[in-house]
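Position 70 of the sequence shown, counted from 1, bears residue number 70 in the UniProt record's numbering, the numbering being contiguous throughout.
Think of the hints as simulated: they come from the structure by calculation, not from any bench. Predicted model only: the values in this text are computed from it and were never measured. Certain hints may be false.
[Unchecked claim] Simulated pairs of lysine to any residue, SDA-like, Cα-Cα distance not exceeding 20 Å:
1. Lys-191 with Pro-175
2. Lys-161 with Ala-232
3. Lys-161 with Asp-237
4. Lys-104 with Arg-86
5. Lys-161 with Leu-230
6. Lys-191 with Asp-201
7. Lys-191 with Arg-173
8. Lys-104 with Arg-116
9. Lys-191 with Asp-237
10. Lys-191 with Thr-174
11. Lys-104 with Thr-141
12. Lys-161 with Val-273
13. Lys-161 with Tyr-44
14. Lys-161 with Arg-173
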Amino acid sequence: MPKVSSVVVPYPTYLRVYEPLAAFPEPERGHWARYARRPDRPSYQDELRRSLADLLPTPPVAVPVHESSDAFVLDVDGVVCVCPWRTRLRGWQALGELGEELPKPVLDAVLPEVVRRQAAQDYERWLIRNPDARPWIRSSTWQVPLHWFVLVGDEERSFDKGSGEIPAMLRYRTPMVQARRRVARALRTLKDTLDEGPLIDGLVDVGRWLEEFHPRSLVELDYGGLVHTLPAGELEDDHSAADVAEGIEALRRGDGAAAGEAYGRLVERWRSVRDRRSAN
């Protein structure tokens, strides 16, 4: 069973939004205010462990029966900000994308078709009652999508090598207004210099998502479980956000050679990650 679990959640990375309490209506605001004062709040690893635990029963639980009442909490310049897990909503959305990630025989072994069909029907009914729902967390497996790096700057990078049982950590945190500004600038440059493609499409999509949140929110890009498969030296030398920013700036100046060099560094760095995925 551990092999199956590793296929379903292979080293996720995360893009999170932390909103100030003022962004939430009552009674949800009161719930999060009380929650933020709890000393026993679950950690990032707790969220992943709970999602994996649901895959162990037979048949597996594709999507939690009830929505999570947990969140991640940060104090941002004296303002309490929360990032609700919304595990059930994210589970439904991830289930819809799983068919593109796994061959059907593997998918059927992990989550039988009858389980997937029931979950999809439940999601359709839920969406009728909650048409404006959106998650505070986006995730990706075995990679950090390149357009995520547009949102952050190298000066906002935080790296910890870890020690003993404490794993390494690599993340970026930036104010929402700065993330939106970077997306807008990058889109102007890319649309002026490149044909339509995945990078532009990804930026348009993430830009629309960011507009759904309070302007005083905080955006976090977290390498998450990917740190468990990358050597500490590679993590320490990983400055992908700087390479993305350098490449976009070079395009703006019309310097194709410099843009190509920055892109080459990104390709080489993330090729090694893809090679590890293939090995697994």
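Evaluation of the provided hints:
A hinted pair counts as satisfied when its Cα atoms are at most 20 Å apart, and Lys-191 with Pro-175 does not qualify at roughly 25 Å. For the hint linking Lys-161 to Ala-232, the alpha-carbon distance of about 6 Å falls within 20 Å, and the restraint holds. At most 20 Å may separate the alpha-carbon atoms for a hinted pair to count; Lys-161 and Asp-237 meet this at roughly 11 Å. Restraint check for Lys-104 and Arg-86: not satisfied, since their Cα atoms lie roughly 27 Å apart, outside the 20 Å limit.
With a CA separation close to 11 Å, the supplied pair Lys-161 and Leu-230 stays within the 20 Å bound. Restraint check for Lys-191 and Asp-201: the C-alpha separation of about 10 Å stays at or below 20 Å, so the hint holds. Straight-line distance between C-alpha atoms of Lys-191 and Arg-173 comes to about 26 Å, which puts the hinted pair past the 20 Å bound. Restraint check: the Cα-Cα separation between Lys-104 and Arg-116 comes to about 12 Å, which is no more than 20 Å; the hinted pair holds.
Between Lys-191 and Asp-237 the alpha-carbon distance is near 30 Å, which puts this suggested pair outside the 20 Å criterion. As the CA atoms of Lys-191 and Thr-174 are separated by approximately 24 Å, the hinted pair breaks the 20 Å bound. Using a Cα cut-off of 20 Å, the hinted pair Lys-104 and Thr-141 holds, with the two alpha carbons roughly 18 Å apart. Our distance criterion of 20 Å between C-alpha atoms is met by Lys-161 and Val-273, whose separation comes to about 18 Å.
This hinted pair checks out: Lys-161 and Tyr-44 have alpha carbons roughly 17 Å apart, not beyond 20 Å. With a C-alpha separation of about 18 Å, the suggested pair Lys-161 and Arg-173 falls inside the 20 Å cut-off, and the hint holds.
In this structure, the hints that do not hold are numbers 1, 4, 7, 9 and 10, in rising order.
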